[in-house]
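Chains as they are written, first to last, in our numbering: chain R, 292 to 532; chain V, 238 to 489.
Take every hint as true, because none was put in to throw you off.
Under the rule of at most 25 Å between Cα atoms (straight-line distance), these lysine-lysine pairs were calculated in the BS3-like manner:
| hint | chain 1 | residue 1 | chain 2 | residue 2 |
| --- | --- | --- | --- | --- |
| 1 | V | K372 | V | K414 |
| 2 | V | K334 | R | K428 |
| 3 | V | K297 | R | K369 |
| 4 | V | K372 | R | K428 |
| 5 | V | K350 | V | K334 |
| 6 | V | K258 | R | K428 |
| 7 | V | K375 | R | K525 |
| 8 | V | K375 | R | K428 |
| 9 | R | K369 | R | K428 |
| 10 | R | K369 | V | K257 |
| 11 | V | K270 | V | K458 |
| 12 | V | K258 | R | K369 |
| 13 | V | K309 | V | K427 |
Some chain R residues flagged as far from chain V (calculated, every beta-carbon gap over 10 Å):
| hint | residue |
| --- | --- |
| 14 | F312 |
| 15 | V314 |
| 16 | L380 |
| 17 | L381 |
Selected chain V positions facing chain R (Cβ under 8 Å, derived; list incomplete):
| hint | residue |
| --- | --- |
| 18 | A293 |
| 19 | L295 |
| 20 | A311 |
| 21 | L312 |
| 22 | F314 |
| 23 | N316 |
| 24 | A318 |
| 25 | F320 |
| 26 | F331 |
| 27 | G332 |
Simulated from the structure, these hints should not be mistaken for lab results.
It should be emphasised that the depicted structure is a prediction, and the values quoted were computed from it without experimental measurement.
Ideal Cβ positions, reconstructed from N, Cα and C, are used throughout, including at glycine.
What follows is each chain in one-letter form.
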Amino acid sequence: MIHTSHGLRIYRKHVHVLIAFGVLILPIVFIFFGGWISHISVRALGTALSVSGYRLFIAYVISAIIALVLAIALGQGKVGDFFIPVFDLLQNIPSFALIPVFALVWGYTNTMAIGFAVSAMIWPILFYVISAIRTAKTDFNEAATVFGATGWRRFSSYLLPLSFPALVTGSIVAVSIGWEAVIGVEIIGFSNGIGNFLTANAGANGNHALVFGLIALLLIVFSINKLIWLPLLKRSQLYAE
Amino acid sequence: MPNNILTVERVQHTFPEDKKKFEAIRDVSFSVKPGSFTAIVGPSGGGKSTLLRIIAGLIKPTGGDIKIETNKIALVFQNFALFPWLTAFENIEFGLKMSARGGSASGGKFLTKNDRHKIVHQKIAEVGLTGFEHKYPKELSGGMRQRVGLARALAVSPDLLLMDEPFSSLDTFTAEKLRKDLLDIWLKYKMTIVMVTHLIEEAVALGDEVIVLSARPAQVKSTTPIPLPRPRNLRSPEFFRLVDELTAQIEQ
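With the hints as constraints, model all of the structure from the sequences given.
Take a look at the structure:
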């Protein structure tokens, strides 16, 4: 995803590492400390977050791969002129309306949750990457062609780095949608995950568990933002002219 | 050695613009000898860049034929076309990485990473960019970016170097310096150069031959040899006479 000559050398200074460490540790400390004070099962909360996080992560990886492949294979030129309206139509289907379809095929299983999340997450990545490729300067395309970028090399050395900023921005939106999808489907039909944890603890014991669950979730989202998305966004500025 | 490295035969090109067709090039024919420097001039929007892209294989003409006696072609772009995520070094290396086999610089053998880096370092030195190889394009001036563009083209040891108004985005002094450097490189490697420009003085200063194209749709108005000795005296009466002659042809 990131050009090999740069690696992932985002954390170049000690202060970056310290901040990253602090941001990572903070939610964990909060969960343990807060849970201990409020007599909440930290284990249950941690498990719920892990299950949802796992579903979201797998869904994101699948969504990113499918979106990238579709964008590059079907988003360019005259082929893109045909498929983009088709994608536009498909993405307008309200995703939650598809829950019964997914449940019918897979039941309320991990596969169902992941599949449903993919169906919601794929679109922002797809459209951001298509837009990046289609609005790229003609000169770039021509230079890649003239200097022999074909097949896999064209994908890895030209299209992928060209799409990188769009991939990051699309991923940020996609993961946000993904949380909604995963938590929503867990609320509706799952006996595990953070969605189920929040629903099960709503109204119980003065709502302590509900509040801590929400705060823990917010801290996880904040941590992902700080540790992953913001550094990648900063790195993606390199890819802009 | 073939007589001509490039033969353009009755090339025409019409762009489909929705329902209305847009004729950019009409019946253009000319040929270019190996090792020569040919300049193509014409009014802006006349189809010169389209013609160059047809020669480069980027556009398929709607009519006519292009015969090129080599597959080692490189292009230098007007607006540099450097990939912003690559350093100067990596941009220059790009063409070498993409090709399975090296050009004449390597005798046709497969290039290892060390081979590629050696070639890139050599080209960086030739274009005067030593010390800037690890800068990104946004950190370089316009002149430096075009040097990277030129080095990228030279790195693949082209037999035919196409240049699309390579100095038009640069200031006068930088353009003048780069023209001198280009001539030095051309005299050293003696590749064939076909350069599109809208500056008649530039065409006469650099070219062995100047092809004048008309306004759109582009047609060949004239092909004028430039018999001036090199290095060219840009203040000689003969130089000005040729510039005036070509200017008159464009204005007709």
